[in-house]
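Asker: Add chain R to chain X, keeping to what the hints say.
Number of protein chains: 2
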Amino acid sequence: MAMTGDNPQPTIEELLGTETPLYAARRSYRPQLCPALAKGAGVTRPLAGFDLQVLKVAAEQLPYVSQNKLVEIVPQDPQPHEDKPRRLGIVLSGGPAPGGHNVIAGVYEAAKRAHPDSTLIGFLSGPKGIITNKHTEITGEMVSRHLNSSGFHMLGTGRDKIDTDEKMAQCRRTCADLQLSGLVVVGGDDSNTNAAFLAENLRDLGTQVIGIPKTIDGDLQVPGLLQVPFGFHSACMAFATEIGNLNSDCKSDLKYWHFNRLMGRSASHIAMEVAFQTHPNVILIGEEIEEKELTIHNVVRLIADVVVERASQGKNYGTILIPEGILEFIHEINILIIKISYIIAAYNREATEEESFHKLSYEEQVQLIDNSDIWRDYDSRVFLGFPSLLQRGLLLPRDSHGNFQYAQVNTERILLEMVSTYLRKQRAKGIYKGTFRTQNHYYGYDGRGTFPTKFDCDYAYNLGFTAYSLLANGCTGYMAAIKDLHKPIEGWQPIGIPLAALMHLEERKGRLELVIQKQRVDLESRAFKLLEQERVKWAKDDLYRFPGPIQFQGPGADSKPLTLQLNSLA
Amino acid sequence: MAMTGDNPQPTIEELLGTETPLYAARRSYRPQLCPALAKGAGVTRPLAGFDLQVLKVAAEQLPYVSQNKLVEIVPQDPQPHEDKPRRLGIVLSGGPAPGGHNVIAGVYEAAKRAHPDSTLIGFLSGPKGIITNKHTEITGEMVSRHLNSSGFHMLGTGRDKIDTDEKMAQCRRTCADLQLSGLVVVGGDDSNTNAAFLAENLRDLGTQVIGIPKTIDGDLQVPGLLQVPFGFHSACMAFATEIGNLNSDCKSDLKYWHFNRLMGRSASHIAMEVAFQTHPNVILIGEEIEEKELTIHNVVRLIADVVVERASQGKNYGTILIPEGILEFIHEINILIIKISYIIAAYNREATEEESFHKLSYEEQVQLIDNSDIWRDYDSRVFLGFPSLLQRGLLLPRDSHGNFQYAQVNTERILLEMVSTYLRKQRAKGIYKGTFRTQNHYYGYDGRGTFPTKFDCDYAYNLGFTAYSLLANGCTGYMAAIKDLHKPIEGWQPIGIPLAALMHLEERKGRLELVIQKQRVDLESRAFKLLEQERVKWAKDDLYRFPGPIQFQGPGADSKPLTLQLNSLA
Numbered sequence: 001m002a003m004t005g006d007n008p009q010p011t012i013e014e015l016l017g018t019e020t021p022l023y024a025a026r027r028s029y030r031p032q033l034c035p036a037l038a039k040g041a042g043v044t045r046p047l048a049g050f051d052l053q054v055l056k057v058a059a060e061q062l063p064y065v066s067q068n069k070l071v072e073i074v075p076q077d078p079q080p081h082e083d084k085p086r087r088l089g090i091v092l093s094g095g096p097a098p099g100g101h102n103v104i105a106g107v108y109e110a111a112k113r114a115h116p117d118s119t120l121i122g123f124l125s126g127p128k129g130i131i132t133n134k135h136t137e138i139t140g141e142m143v144s145r146h147l148n149s150s151g152f153h154m155l156g157t158g159r160d161k162i163d164t165d166e167k168m169a170q171c172r173r174t175c176a177d178l179q180l181s182g183l184v185v186v187g188g189d190d191s192n193t194n195a196a197f198l199a200e201n202l203r204d205l206g207t208q209v210i211g212i213p214k215t216i217d218g219d220l221q222v223p224g225l226l227q228v229p230f231g232f233h234s235a236c237m238a239f240a241t242e243i244g245n246l247n248s249d250c251k252s253d254l255k256y257w258h259f260n261r262l263m264g265r266s267a268s269h270i271a272m273e274v275a276f277q278t279h280p281n282v283i284l285i286g287e288e289i290e291e292k293e294l295t296i297h298n299v300v301r302l303i304a305d306v307v308v309e310r311a312s313q314g315k316n317y318g319t320i321l322i323p324e325g326i327l328e329f330i331h332e333i334n335i336l337i338i339k340i341s342y343i344i345a346a347y348n349r350e351a352t353e354e355e356s357f358h359k360l361s362y363e364e365q366v367q368l369i370d371n372s373d374i375w376r377d378y379d380s381r382v383f384l385g386f387p388s389l390l391q392r393g394l395l396l397p398r399d400s401h402g403n404f405q406y407a408q409v410n411t412e413r414i415l416l417e418m419v420s421t422y423l424r425k426q427r428a429k430g431i432y433k434g435t436f437r438t439q440n441h442y443y444g445y446d447g448r449g450t451f452p453t454k455f456d457c458d459y460a461y462n463l464g465f466t467a468y469s470l471l472a473n474g475c476t477g478y479m480a481a482i483k484d485l486h487k488p489i490e491g492w493q494p495i496g497i498p499l500a501a502l503m504h505l506e507e508r509k510g511r512l513e514l515v516i517q518k519q520r521v522d523l524e525s526r527a528f529k530l531l532e533q534e535r536v537k538w539a540k541d542d543l544y545r546f547p548g549p550i551q552f553q554g555p556g557a558d559s560k561p562l563t564l565q566l567n568s569l570a
Numbered sequence: 001m002a003m004t005g006d007n008p009q010p011t012i013e014e015l016l017g018t019e020t021p022l023y024a025a026r027r028s029y030r031p032q033l034c035p036a037l038a039k040g041a042g043v044t045r046p047l048a049g050f051d052l053q054v055l056k057v058a059a060e061q062l063p064y065v066s067q068n069k070l071v072e073i074v075p076q077d078p079q080p081h082e083d084k085p086r087r088l089g090i091v092l093s094g095g096p097a098p099g100g101h102n103v104i105a106g107v108y109e110a111a112k113r114a115h116p117d118s119t120l121i122g123f124l125s126g127p128k129g130i131i132t133n134k135h136t137e138i139t140g141e142m143v144s145r146h147l148n149s150s151g152f153h154m155l156g157t158g159r160d161k162i163d164t165d166e167k168m169a170q171c172r173r174t175c176a177d178l179q180l181s182g183l184v185v186v187g188g189d190d191s192n193t194n195a196a197f198l199a200e201n202l203r204d205l206g207t208q209v210i211g212i213p214k215t216i217d218g219d220l221q222v223p224g225l226l227q228v229p230f231g232f233h234s235a236c237m238a239f240a241t242e243i244g245n246l247n248s249d250c251k252s253d254l255k256y257w258h259f260n261r262l263m264g265r266s267a268s269h270i271a272m273e274v275a276f277q278t279h280p281n282v283i284l285i286g287e288e289i290e291e292k293e294l295t296i297h298n299v300v301r302l303i304a305d306v307v308v309e310r311a312s313q314g315k316n317y318g319t320i321l322i323p324e325g326i327l328e329f330i331h332e333i334n335i336l337i338i339k340i341s342y343i344i345a346a347y348n349r350e351a352t353e354e355e356s357f358h359k360l361s362y363e364e365q366v367q368l369i370d371n372s373d374i375w376r377d378y379d380s381r382v383f384l385g386f387p388s389l390l391q392r393g394l395l396l397p398r399d400s401h402g403n404f405q406y407a408q409v410n411t412e413r414i415l416l417e418m419v420s421t422y423l424r425k426q427r428a429k430g431i432y433k434g435t436f437r438t439q440n441h442y443y444g445y446d447g448r449g450t451f452p453t454k455f456d457c458d459y460a461y462n463l464g465f466t467a468y469s470l471l472a473n474g475c476t477g478y479m480a481a482i483k484d485l486h487k488p489i490e491g492w493q494p495i496g497i498p499l500a501a502l503m504h505l506e507e508r509k510g511r512l513e514l515v516i517q518k519q520r521v522d523l524e525s526r527a528f529k530l531l532e533q534e535r536v537k538w539a540k541d542d543l544y545r546f547p548g549p550i551q552f553q554g555p556g557a558d559s560k561p562l563t564l565q566l567n568s569l570a
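If you read the sequences in order, they're chains X and R.
Numbering-wise (the UniProt record's numbering), the first sequence opens with residue 1 and increments by one.
Numbering-wise (the UniProt record's numbering), the second sequence opens with residue 1 and increments by one.
Extracted from the complex, chain X is given alone in its bound form (with noise of 0.2 Å):
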């Protein structure tokens, strides 16, 4: 084991290999399990008091599962032991999220503890290793070499959705060549929705199917029942730290306003989250803008604003948290959108693939939108107005599914071109009298591959014992969670969510589609409304907070996420 640093002569093989004394510290960590997990799987019984409506669509599609009603899990004692082995599956899908490896490795030691012959399967590269029947046992070895570590690298992730006859067929093949009685499904939205689809359809089997709720974005949540996924804390604390850097630096240089785009899709739940943990003196919330029907203008004048009163106090300096997925909340970009969008498709399917719309100039592009039908003179004067970074974004190619792909847009890039543009005028009119010099940054693929949070390592851990005893528990088409996260581990409450009750139907491909809902900020929270409150305070006072590293010991290494425990405030 390399000691760099902690021994006064480390040798030229320490200081050379790929080991790290924090690295090796955090595989001898070992998770804490809650009251009703820490003898092992737990019994399930019926959880009173919540109403979770199932609609009628789903229950057409998913007649068996969406039976389920919701379960807690409580202690077992004395812990049984089962009469024969399982064999179980698990597959990482989606991007990665620390903490996943812990979950890999509760569904193991959960299963190891009630019978030593129990097996797990892992899938490789996502949901396509089912589909195609790439996997791999998991051993003792490998579960303790990934103990607490980052990212997904144990058994790779992938994206690909079980959403043709064809492939559900495989993966049936896949469940019933490997006999499982049981595949546990750690993703977000969609791969919660294939959990539910895959349960449904594997019954006759036997395999049962648990859904694990991860994602960074945090916008998979069950008002009461499910406050967070997994992963969120993590990498809400590793941008945190960067803001909190960001912070610091202008705060010391005096010179630069930094423009911070922060990866988390559609839902401001990671912005949200950071600006509790930072203060900066300009947070912009998407759900928000769309409430208020604020147009790009608008939210440009919002942040100059603050600009102008800052540079009167000789402040030329900030920091500005912007979501990625705000243009999608402006009203007239996203009709703009939903118009090219339609433009684009239309085209294209008249089109070679020589021709296609993005082999056209960019000249050409924008005639053949103003020629269209649908392509009012009203659209092109919001069009013309906007600058050109913008004008281009919005002609960016579609993904695959025709949809628009707004992490691809530097939004961070267009609003800071913008309010440079009104302070240009302001200067001219006297109104500002400061220098306004910027950075911008995009924060996202660091934070989604940052060592897991002392938090989020017990926490996943919980939710792959949870997912156990699901399965035990004859469980089939459940989310697994942990009610009460703001308590300490000992008030941790596991239960089984119907996946069947948190769908809803979503517009995928131009036509409707059952599918998990995802959940945004809700502007009628505690967070929400103290947000508004301080924000004011943060946007003229530097109120900084500098969060620091993410901690394994001492002082700060057992945070929890921020908005969280102000929505648990009593």
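There's no promise every hint is true.
Covered by chain R, according to a simulated footprint, are these stretches of chain X (three or more residues, beta-carbon under 8 Å) [claimed, not checked]: (1) 143-152; (2) 447-454; (3) 510-520; (4) 541-552.
Computed cross-link-like contacts, DSSO-like style, restricted to lysine-lysine with a CA-CA straight-line distance of at most 27 Å [as the list claims (entries may be wrong)]: (5) X:84 <-> X:112; (6) R:429 <-> X:359; (7) R:537 <-> R:433; (8) R:537 <-> X:255.
What the hints contain is simulated information worked out from the structure, not anything from laboratory work.
Fair warning: this is a prediction, and the values are worked out from it, not measured in the lab.
From the three backbone atoms N, C-alpha and C, an ideal C-beta is built for every residue, glycine too.
Answerer: Same frame as chain X, now just chain R:
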């Protein structure tokens, strides 16, 4: 004190406050002093065995301070109490670097130990604070509040140079008004150049001047005496956290090549240290590119070959480190930059503000360059062979001294586009069969603002005590330093390096000036030789190293720069 997470029920005030548990804990950490300083200021004595030559021009311009000889500081026992209090000043200069507040703490506490009535004046917003006599008296409360914290918030910083007789006269007036017997200048090469000239010019006033080596870029070094400036380790560890996280992300998601540009001005010290910390698939070193006279197409090929090789193994992902100053080391580009800078300057001398070069259209700019006498057909061919992003980059506005601003160019995007173009050709030939999806990142400002590592906390604090010791022993025109940083603190040796011996002649604003010499990466060093050997393995195999976030307790908390340790191996 907020105890978020540690306390089961934090209050709303704690959750919304600016204090974090980690910030509070860092403030209570007491930096460790090396034996020579453990009892307060030590005494100086000559240190033999190092041959420091002073240039003739330095001896002429700095007749007094150029006579300084290298000194070491040894413990003084019993510690003498000074007869009368000292009045000292301190200034933070240039970009923020983690640990700056601990230099202030070191000077303050050493002075107070020697005489409780001594005072320390902090100049505000950098050297401008001396020129205009803007200052604040530093109190024990200020020192405690900022101990071990990030940034230069306590006083702010700035980049003014004391480079005219008038500015020097203003500094003399300030030091005389404040009756300063000593002044500590915390900064990089330019700030320590300031310190040397201040020392010479303030001598008759009785104001001694000591410089402190600060820069995250790591380019302020003196072989055998000063291994790294303070701030380098912390910034590199912040970048290494981020790059390590990207290693984890790409090895999980299996689909992105991450192109990372890293701060560090001309020299590649940061990139090299981060490479040893993270083992990326490709690492570029500017000094090596210069030595081997590589063209930009050679560099592109160097990256593309690794991409092709890994694709043949089925690995369409990886991480690439690019020092921000790399274009400066590519001969063909450097020539064009010099010629274009000359053409712009010559044109602007004749033009009005309204007609100036950067008010022209891009086409007019290119035309103007093409028509210049110094522009050869060969130059045009080279220029037109570059992608448009690089062509436009080369024409970017120069700084106020007419110098090209390398940091303004998105070198990572230029290389990414050129590699992509090259791979398309390789694909057409059937040589490359992979997919090339990319993300690009620039890491810089957030690393400048990180919490200082324990190493930098201790190091900067010892530098403060060293500066005080030099002042107490009557020294002026020295840089405080700590020799043998690779040893445990018990083996650290505080020294004073004559500033005049570090100076050389360098072209600034078109004329030769006497300035402190920046140190580039030494291609004969042990660390570079090891890099050459290791990177071959890093390219092919996934030998990623994951340093994780900076720790302050437990394993990893006592880390030191790996390049420092490798260069100190027997």
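Asker: State for each hint whether it applies.
Answerer: Now for the hints, and whether the structure bears them out:
Beta-carbon proximity to chain R at under 8 Å applies to 4 residues in the stretch 143-152 of chain X; the threshold of 3 is reached and the given coverage holds. Residues of the stretch 447-454 of chain X lying with their CB closer than 8 Å to a CB of chain R number 5, which satisfies the three-residue condition for coverage. Counting residues of the stretch 510-520 of chain X whose C-beta lies closer than 8 Å to any C-beta of chain R gives 0; at least three are required, and the coverage claim is violated. Coverage of the stretch 541-552 of chain X by chain R holds. Counting CB-CB distances below 8 Å, 10 residues qualify, and the rule asks for three or more.
Using a Cα cut-off of 27 Å, the hinted pair residue 84 of chain X and residue 112 of chain X holds, with the two alpha carbons roughly 11 Å apart. With a C-alpha separation of about 22 Å, the suggested pair residue 429 of chain R and residue 359 of chain X falls inside the 27 Å cut-off, and the hint holds. The hinted pair formed by residue 537 of chain R and residue 433 of chain R meets the criterion: a straight-line CA distance of about 22 Å does not exceed 27 Å. For the given pair, residue 537 of chain R sits about 42 Å from residue 255 of chain X by alpha-carbon distance, which is inconsistent with the 27 Å threshold.
The structure is inconsistent with the numbered hints 3 and 8, although it conforms to all the rest.
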